[in-house]
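Chemist: So the protein sequences, as listed, match chains A and B. The numbering of the first sequence is the UniProt record's numbering, which starts it at 1 and goes up by one. The numbering of the second sequence is the UniProt record's numbering, which starts it at 1 and goes up by one.
Wrong hints could be hidden among the right ones.
Listed next, the in silico EDC-like pairs over lysine to aspartate or glutamate satisfying Cα-Cα at most 20 Å (straight line) [what the hints assert, rightly or not]:
no., chain 1, residue 1, chain 2, residue 2
1, B, LYS303, B, ASP278
2, B, LYS84, B, ASP101
3, B, LYS84, B, ASP94
4, A, LYS225, B, ASP101
5, B, LYS19, A, ASP158
6, B, LYS175, B, ASP79
7, A, LYS225, B, GLU67
8, B, LYS175, B, ASP278
9, B, LYS175, B, GLU324
Derived by calculation from the structure, the hints in this document are not laboratory data. Treat the numbers as computed from the prediction; the structure is a model and nothing was measured.
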Amino acid sequence: MTAPLDVTGTAAEAQPEAVLQGVGAKAIQGRSLGQIAWTRLKRDKVAIAGAVIVVLLVLVAALAERPFGGLIALFGDDPNVPNQDAIDPLTSAPLAPWGGISLEHPLGLEPVNGRDIFARILSGAQISLLVAFLATLLSVIIGTLMGVLAGYFGGWIDTIISRLMDMFLAFPLLLFAIAIVGAMPDRAFGLSGNGLRIGVIVFIIGFFSWPYIARIVRGQTLSLKEREFVDAARSLGATNGHIIFKEVLPNLVAPILVYSTLLIPTNILFEAALSFLGVGVAEPQASWGGMLTRAVDYYQSAPHFMIIPGLAIFITVMAFNLLGDGLRDALDPRNR
Amino acid sequence: MTEPLLSVRDLTKHFPVTKGLLRRQVGAVKAVDGVSFEVRKGETLGLVGESGCGKTTTGRLITRLLEPTGGRIVFEGVDITHVKQGRMRPLRRDMQMIFQDPYSSLNPRHTVGTIVGAPFRIQNVKTESGIKKAVQDLLELVGLNPEHYNRYPHEFSGGQRQRIGIARTLALKPKLIIADEPVSALDVSIQAQVVNLLEDLQGELDLTYVVIAHDLSVVRHISDRVAVMYLGKIVELAERKALYDSPMHPYTNALLAAVPVPDPRKRADRDRIRLTGDVPSPINPPPACRFHTRCWKAQDICKTQEPPLEALASGHLVACHFPENAPDKPAGVGAHPAEERATT
Ligand SMILES: Nc1ncnc2c1ncn2[C@@H]1O[C@H](COP(=O)(O)OP(=O)(O)O)[C@@H](O)[C@H]1O
Ligand code: SF4
Ligand SMILES: [Mg+2]
Numbered sequence: 001m002t003a004p005l006d007v008t009g010t011a012a013e014a015q016p017e018a019v020l021q022g023v024g025a026k027a028i029q030g031r032s033l034g035q036i037a038w039t040r041l042k043r044d045k046v047a048i049a050g051a052v053i054v055v056l057l058v059l060v061a062a063l064a065e066r067p068f069g070g071l072i073a074l075f076g077d078d079p080n081v082p083n084q085d086a087i088d089p090l091t092s093a094p095l096a097p098w099g100g101i102s103l104e105h106p107l108g109l110e111p112v113n114g115r116d117i118f119a120r121i122l123s124g125a126q127i128s129l130l131v132a133f134l135a136t137l138l139s140v141i142i143g144t145l146m147g148v149l150a151g152y153f154g155g156w157i158d159t160i161i162s163r164l165m166d167m168f169l170a171f172p173l174l175l176f177a178i179a180i181v182g183a184m185p186d187r188a189f190g191l192s193g194n195g196l197r198i199g200v201i202v203f204i205i206g207f208f209s210w211p212y213i214a215r216i217v218r219g220q221t222l223s224l225k226e227r228e229f230v231d232a233a234r235s236l237g238a239t240n241g242h243i244i245f246k247e248v249l250p251n252l253v254a255p256i257l258v259y260s261t262l263l264i265p266t267n268i269l270f271e272a273a274l275s276f277l278g279v280g281v282a283e284p285q286a287s288w289g290g291m292l293t294r295a296v297d298y299y300q301s302a303p304h305f306m307i308i309p310g311l312a313i314f315i316t317v318m319a320f321n322l323l324g325d326g327l328r329d330a331l332d333p334r335n336r
Numbered sequence: 001m002t003e004p005l006l007s008v009r010d011l012t013k014h015f016p017v018t019k020g021l022l023r024r025q026v027g028a029v030k031a032v033d034g035v036s037f038e039v040r041k042g043e044t045l046g047l048v049g050e051s052g053c054g055k056t057t058t059g060r061l062i063t064r065l066l067e068p069t070g071g072r073i074v075f076e077g078v079d080i081t082h083v084k085q086g087r088m089r090p091l092r093r094d095m096q097m098i099f100q101d102p103y104s105s106l107n108p109r110h111t112v113g114t115i116v117g118a119p120f121r122i123q124n125v126k127t128e129s130g131i132k133k134a135v136q137d138l139l140e141l142v143g144l145n146p147e148h149y150n151r152y153p154h155e156f157s158g159g160q161r162q163r164i165g166i167a168r169t170l171a172l173k174p175k176l177i178i179a180d181e182p183v184s185a186l187d188v189s190i191q192a193q194v195v196n197l198l199e200d201l202q203g204e205l206d207l208t209y210v211v212i213a214h215d216l217s218v219v220r221h222i223s224d225r226v227a228v229m230y231l232g233k234i235v236e237l238a239e240r241k242a243l244y245d246s247p248m249h250p251y252t253n254a255l256l257a258a259v260p261v262p263d264p265r266k267r268a269d270r271d272r273i274r275l276t277g278d279v280p281s282p283i284n285p286p287p288a289c290r291f292h293t294r295c296w297k298a299q300d301i302c303k304t305q306e307p308p309l310e311a312l313a314s315g316h317l318v319a320c321h322f323p324e325n326a327p328d329k330p331a332g333v334g335a336h337p338a339e340e341r342a343t344t
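The task is simple: from the sequences and hints, build the whole structure.
Modeler: Written out as structure tokens, the structure is:
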């Protein structure tokens, strides 16, 4: 028992690994699963295209108006200022051909009041992404908490949370949103006008879509807690808190990232639907859904006014979905 | 003899089988059903049985990952059968478990350093020159490159992963290690290396082992004593040499027959006692002797009267009405159990 280690065996076993990783100082630094996923994502052209569009959209939305500078001010007019002189009073359509598309107004003018569509699309992007991101964040927080609790503790906690999820998913969300926004006072929770409306919309969407995240998280937690590394932590004396935060949650980051990327476009569509139905963001603030509503009456005289916000929604939703699918493929352990 | 390090008495674990929304209990999986044994300081006890016999459950009961349904577990003189998790915490330092599946026992999101250093953090143990140094020493001890501290589990082979797991169990300098099929997930070529490592560590660190395996070949050269388990019960327990040289329970004989032997003369014999079929369900185990559905020596009495686990003259503890290789009576002759007991 003088030689505690089975040295020959160790060397033979360790060698192929060393060769695979390449020799040298850098080989010692491990590559995490996240880094591997990133390498894989970079090879996925479609997902990268989606990611580029998403990044551009986020930048545009963040920089569109004050406080961060104002792309709108740089390129066009104030999105909310009418320009009646450019409108034909008989048809309500822009006087200039092609819907008023020109160097000055790259996407043309809105019928009736002649506002700059480019400025309004940018301004609407800000609203769309703001609502979608905040609502997704809210549902991710609630969904992760509920999903982990249900999956980890099981028993009656799981029963209650699972029934709650069924209830929330069966809820007629759109009707409920219309009713609430319609019945809302002008001023509440220290907010008023569009601030209040945005707050309420974020709350409604976020509060009712957490079950989508919770379901995924619950399922993953159920399978994670059966893994032996959880038993290993427990046999070392780890508390439930330690196991949830240090052992389980790091393994949930990937699925949460994927499903929130896929939830964002759903929320964008929902906000657009609410605005389209007149219970979303109110005029004069621009929103893609609201623009579509107004476009319905002029689709013959000013078709561009319908096509442009429609395209904006389509491209945004598409980009997020492509990125989300790419992330899912890149992070899927079965593809490893 | 000195007090055993671990003593287990009539240990049982019944997993409830529930049905419907209200989780009404309709039955129980009798995974462990009255198991008794002792583990002496410094020895290695092999625990062997086919898959589904309750070996893992036994290990998890002892390490208190599961709450026992009944029985008693005494570790270092302390009754830990129903100790609360919080009070169990300090005791856990002395008792660790090596897990079966090296692909599931290491968190894929953690580096080797985090994994092997976890025991220090969880137990709040101060190390002399920092956790990193302690982890690197442990990695070296189990034959891994200490520079691989920042690597992730997926960058290692199965055997290396199992070494990482072993390093983690050694961190708190435990007295007892329960190794649950530590090599069954590994390539045959690597199994011997890991078994050798366990053996070397035992000598160096003064460890006591319970090594679980599903066949008798793996534990053959590291065990001092071997317990054979079938459907939640121990059917035979004996010194290593006695068990391998003259196995007495038909189930032990069948397990041994499954281990490849080059001797052609024994082949015909092996065919006779080869195990067929699966282990019956532990929800409805066969009555009396649980092995009677697969035993080639089964008689009527085996189906009506449970054979107790008794010490025979040879020193074996055996639970069988008609044990093989019994020196004090011809094997396989149907003697009445009362007479049998009288002769021993
Ligand atoms: N958590 C559990 N719930 C219900 N049944 C279980 C559980 N764990 C194990 N079992 C059952 O108990 C029996 C013994 O399992 P186990 O101890 O894993 O056997 P072994 O390790 O010998 O293969 C098996 O029938 C298994 O299905
Ligand atoms: S008691 Fe009977 S059935 Fe059971 S092992 Fe012995 S001979 Fe076989
Ligand atoms: Mg097992």
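Chemist: Decide, hint by hint, whether the structure agrees.
Modeler: Hints, one by one, checked against the model:
{"no.": "1", "hint": "B:LYS303 with B:ASP278", "verdict": "holds, 18 Å"}
{"no.": "2", "hint": "B:LYS84 with B:ASP101", "verdict": "violated, 27 Å"}
{"no.": "3", "hint": "B:LYS84 with B:ASP94", "verdict": "holds, 16 Å"}
{"no.": "4", "hint": "A:LYS225 with B:ASP101", "verdict": "holds, 14 Å"}
{"no.": "5", "hint": "B:LYS19 with A:ASP158", "verdict": "holds, 16 Å"}
{"no.": "6", "hint": "B:LYS175 with B:ASP79", "verdict": "holds, 16 Å"}
{"no.": "7", "hint": "A:LYS225 with B:GLU67", "verdict": "holds, 17 Å"}
{"no.": "8", "hint": "B:LYS175 with B:ASP278", "verdict": "violated, 36 Å"}
{"no.": "9", "hint": "B:LYS175 with B:GLU324", "verdict": "violated, 36 Å"}
Figure legend: structure checked against the earlier numbered hints; hints not met, in rising order: 2, 8, 9.
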